[in-house]
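Q: Sequences are here, hints too, so could you generate the full structure?
Protein chains in written order, with the numbering used here: chain A, 38 to 307; chain B, -10 to 423.
Derived from the structure by calculation, the hints contain no laboratory data.
Yeah, the Cβ is synthetic: ideal placement off N, Cα and C, and Gly gets one too.
A hint or two may mislead.
Label-pair restraints from in silico Cβ distances [what the hints assert, rightly or not]:
hint	chain 1	residue 1	chain 2	residue 2	range
1	A	Asn223	B	His384	41 to 47 Å
2	A	Pro184	B	Pro167	28 to 34 Å
3	A	Glu279	B	Trp382	34 to 40 Å
4	B	Asp96	A	Asp281	54 to 60 Å
5	B	Leu104	A	Glu279	29 to 35 Å
6	A	Arg236	B	Leu116	57 to 63 Å
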Amino acid sequence: MKLRLALVPTLGLLTMLLAPATRAEPLEDVEAIVARANLAAYYAGDDGRSEARMLITDAQGRQQLRQFTVLRRNRAPGGDQDFMVFFSRPSDVRGTVFLVAKHVERDDDRWLYLPGLDLVRRISAGDKRTSFVGSHFFYEDVSGRNPADDRHSLLETTAEHYVLESVPRDPRTVEFTRYVTRVDRNTFLPVKTEYYDGRDRVYRVMEVLGVEEIGGHPTVTRSRISDPLAGASTLMEFRYTEYDVGLPTDIFSERFLRTPPVDWLRRSGE
Amino acid sequence: MRAHPLALAALAAILASIPAAAVATDADDDPFAAFDEDWDDPWATRGGGLSWSGFAEAGLGTRWHKVDNLDRLTLGELRLRAETRYDHGPFRVDFKGDLSWDQVADDLDGELRELALSFSPGRRVDLKLGRQVLTWGTGDLLFLNDLFPKDFISFFAGRDEDYLKSPSDTARVSVFSPAFNLDFAWTPRFTPDNYLYGERFAFWIPALGASGAPAEPRRADEPTNGEVALRLFRTEGATEYALYAYRGRWKQPLGVDATGAPRFPRLQSWGGSVRRPLHRGIFNAEVAWYDSLDDRDGSDPATPNSELRLLGGYEQELVRNLTLGTQFYAERIQHHERLRASAPDPATVRDRWRTVATLRLTHRALQDRLTSSFFLFASPTDADFYLRPAVSWRHDDHWLVTGGVNLFGGRDEFTFFGQLEDNSNGWIRLRYYY
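A: Right, dumping it as structure tokens:
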């Protein structure tokens, strides 16, 4: 006990020197925490490029793979954004492209390009909490859920996390009754989210399994969404992430659904 | 018949090359290790040569009623698909090809679905030259301004929906600007739909006064003139607008020449479309004016009349994983009274208006592995319908099994879907993606 007491000031000093943020007074305004978490999770840099893989494991232990490249551009920090997802694996979805114009003030606009038919299909805004290409991630997990769609409260502030509870403003549009998020006090990344169903069971869990600092931004490199009731999950891994690559604004258009912008999709230096 | 074992051998070769699944590798922390695949840059231009993908597929389908001159099989094939892409500097070449043994036609057939060169000669210009599939317009399985070739035989036989669109040898020029975008597609040699001609499916034969299959396939000569299609489009906020124009020919041989053989009359069309979110779904509307250049006054019974075509549609997720789409479509004959007056058999002349309502329900379950869909075309004016339910099971990243039914029916034998009644069939396909 004595030993530990003695160590505390030293460690504290060290932490202060290394990461001043940890010693900052904890935030108390839940909206401010939610806003910072939203920025940290979805708005790093002015734009970004990343490659991702998903490993989908079903209740029987069978595994499937998805691989894709994501381009993102912020129109305003915390505001509207454009996303484009180019699938390269497996071969039945190769060449499929998903385009989202995410809006804060209104429903997102979403398109899917199907190369076999050369078809640009528009997807309605309603079904964004459905499986993203057969994984346990939802479309909404890829581009981010609008913080204004839920009411948030701060349940607890621990040494490492803000623990938030969120309740949907319109319960008819979602499958959860509430979700509890642990936000890292240091990076403001949401590191664990548990979704509760109508019987107050945790039926969906998002966990961050790896974080790296890339271009000055703490970046989630590995995360998992699991369905504990079914015993199934999807692991997502991001690699080759770059920020502020200078994506032109017109990339996010029908033109580049049909003709992938290879120069921007390719890893830098290749 | 000689080629049959060849196709089987090709299929066997593909199936034999399936990698031994999920061999446990070193227990490092790479959860993807079981896939035994490097994380290559899928967009890299260098190294490793071409990357091939595709599928092998076996399909079987059969009609419910026997029809003279037609095989009982509507689908009986082994198909091998290969796809690749080659990038060289600013140039890109896409290739998609099929090799298939078709038991109905008793034929081994190679089909080039895509072989096209793409590049951008200017910052705002894209070119795609060669064989390619083209699609535009807002309809769901209803096409007004999309006058690119379609393969209705594949569609009715239960092949994958991708095969509804046939490729054409086309030069496509796209120009992009902040005000609007332009697509211009020039097909030097007219490419018609793959229409019903009497090999696999029965259709209304006026001379017979009945639906059936002619003893000799009823094919039309394909004119060698070209066709051009144009689209001007822009997206403003959430709303997509487009204007269309086309000059070429009716894509089906709806005309009759002096010898009584079918022919492709000339066609010019103009149109527009809009698509935007509405309530919780997507609304679309489209209009097209089909100007039948060979019979502008509508008095020639051997040439189709000019027509106005209208479409309105709406799609929305009803409940989670269940999506509903509905459309209302109408065609209006321009000079209906002249058509009636000059028709050899006025009893089988269609009404001035032909309307079709469609309903699509799509349900996805078990993490998108089980997809059930239901598509109904129903015409109140023709009193006929076409129903196509299908179920597909995606077992894993490689195996897909799909089965469905094409059910046609109607009060009369000469209407659009009614003439197809004897073609009702069921089908199943097993596909392996590599």
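Q: Checking each numbered hint in turn, tell me which of them this model violates, lowest number first.
A: none
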